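One line per chain: the protein sequences are F and Y, in this order. Just so we're aligned, residue 1 is where the first sequence starts under the numbering used here, counting upward by one. Just so we're aligned, residue 1 is where the second sequence starts under the numbering used here, counting upward by one.
Treat the hints as calculated values from the structure; they're not laboratory data. Computed from a predicted model, the values in this text were never measured in an experiment. Just so you know, not all the hints are guaranteed correct.
What the hints assert, rightly or not - The calculated lysine to any residue pairs, modelled on SDA-like cross-linking and capped at a C-alpha distance of 20 Å, are:
| no. | chain 1 | residue 1 | chain 2 | residue 2 |
| --- | --- | --- | --- | --- |
| 1 | Y | Lys43 | F | Ala73 |
| 2 | F | Lys138 | F | Leu113 |
| 3 | Y | Lys107 | F | Ile169 |
| 4 | Y | Lys107 | F | Met52 |
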Amino acid sequence: MSNHCEQPTEDELHAYVDGRLDATRRAEIEVWLSSHPSEAARVAAYRQQNDMMQALFNPVMDEPIPLQMHPQARRRTFAQPLRYAAMLGAMVLSGMLGWYMHGTEKNRQPPMLAMVKQAALAHVVYTPEMLHPVEVGKDQEEHLVKWLSKRLGSTVTAPHLSNVGYELIGGRLLPGNQGPAAQFMYQDARGQRLTLYLSNKPADKGEAAFRYAQEGKIGVFYWIDNDKSYALSGEMEKTDLLHIANAVYQGLNQ
Amino acid sequence: MDSVNAIITEQIPRLRRYARALTGDRISADDLVQDTLERAWSKLHLWQRGSDMRPWIFSIMHNTFINHIRKNQIVTTSIDDEAINVSAPATHEDSFGMRDLASAIGKLPHDYREVILLIGLEQMQYEEVAEVLGIPLGTVMSRLSRGRERLRTIMAGESSPALRRVK
Chain F
1 MSNHCEQPTE
11 DELHAYVDGR
21 LDATRRAEIE
31 VWLSSHPSEA
41 ARVAAYRQQN
51 DMMQALFNPV
61 MDEPIPLQMH
71 PQARRRTFAQ
81 PLRYAAMLGA
91 MVLSGMLGWY
101 MHGTEKNRQP
111 PMLAMVKQAA
121 LAHVVYTPEM
131 LHPVEVGKDQ
141 EEHLVKWLSK
151 RLGSTVTAPH
161 LSNVGYELIG
171 GRLLPGNQGP
181 AAQFMYQDAR
191 GQRLTLYLSN
201 KPADKGEAAF
211 RYAQEGKIGV
221 FYWIDNDKSY
231 ALSGEMEKTD
241 LLHIANAVYQ
251 GLNQ
Chain Y
1 MDSVNAIITE
11 QIPRLRRYAR
21 ALTGDRISAD
31 DLVQDTLERA
41 WSKLHLWQRG
51 SDMRPWIFSI
61 MHNTFINHIR
71 KNQIVTTSID
81 DEAINVSAPA
91 THEDSFGMRD
101 LASAIGKLPH
111 DYREVILLIG
121 LEQMQYEEVA
131 EVLGIPLGTV
141 MSRLSRGRER
151 LRTIMAGESS
161 PALRRVK
């Protein structure tokens, strides 16, 4: 080799590709590469590999994080108490947690409980979200409602709650136990958030009146109306939440 | 506890990006991430508070990945499968025809794939990669060199490596 620069080692070429060299050595290697075209092509190819990897996979980082990956979804911290609660049965529950189950649900895990659990979890996961609290925002409300109706297989409505001080922010599609489920999110003037979770009702269920469940700080009112189960979740007093649940119910039945 | 959860959660987008590139499909990738997170949560007492979470959790992902491969949850090749022959590197100007990079990466033995992704995609320092994978720095460098060259050959489409499974 008749070049005056010291020939770079293989490791140095990779460090060059990855931008890990100091300016002096980098400049030397550039000079060397200018008289070694096949090595220069190799280095360019490696750089391009890095660039293409970034281009191809970086968008994954912007995808919403799946529900089950949130720490709140972790069995031990969140779901486990609910699972135990389910096993304890309706009698103990009504005393301990304020559950009230009706007769047919006494001897097995009530399907509604699973729905409430999903709703509460989705509430805990998405309401603190600053950047992406919803998938589709209020500005596209018509599209949102059409889309969710299509996915749930029947008409879905996002009730307006401005009479109780809450405005719709938007909504998202979620996986539920009865197929696709929907979540609408609302916010009041102080930034307090509420979520309304909707899914198709379990096949063996008729209408059901309001029931209340509490998990940690989150209260959930849930009921079945026509072909859907609803769960309204919020971090507030039971009476305040009931007031809003009534408004939701009326909004849905207008 | 909340702050530690936040530190782990911060890593999820990176873990998912790496897992997607590593496994080549969304379902295996998210399974891998989920198992990694379960392990991380259960071993959290072993994590030294205040230290960098990234190498710690990526090394958990590495172990989880190897377990998935053992249990055949992920189909892959290893460099120990010596029957992989790669033709001599291209001698003329490579055509970067943007062939399917994901599938080209998938054709690499997983040991190479991990190294070139941790460096090229995750942009880790070489020493950090050695720590994450639990191998000497020299091994990182040789896998990097061979992995990149093999990827170049596959991408150039000169002659794709002939994969013959011994077993």
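Outcome of the hint check:
A distance of roughly 17 Å separates the Cα atoms of Y/Lys43 and F/Ala73; the hinted pair therefore holds under the 20 Å criterion. Between F/Lys138 and F/Leu113 the alpha-carbon distance is near 29 Å, which puts this suggested pair outside the 20 Å criterion. For the suggested pair Y/Lys107 and F/Ile169, the alpha carbons sit about 45 Å apart, so the restraint of at most 20 Å is broken. With a CA separation close to 16 Å, the supplied pair Y/Lys107 and F/Met52 stays within the 20 Å bound.
Going through the hint list in order, the structure does not satisfy hints 2 and 3.
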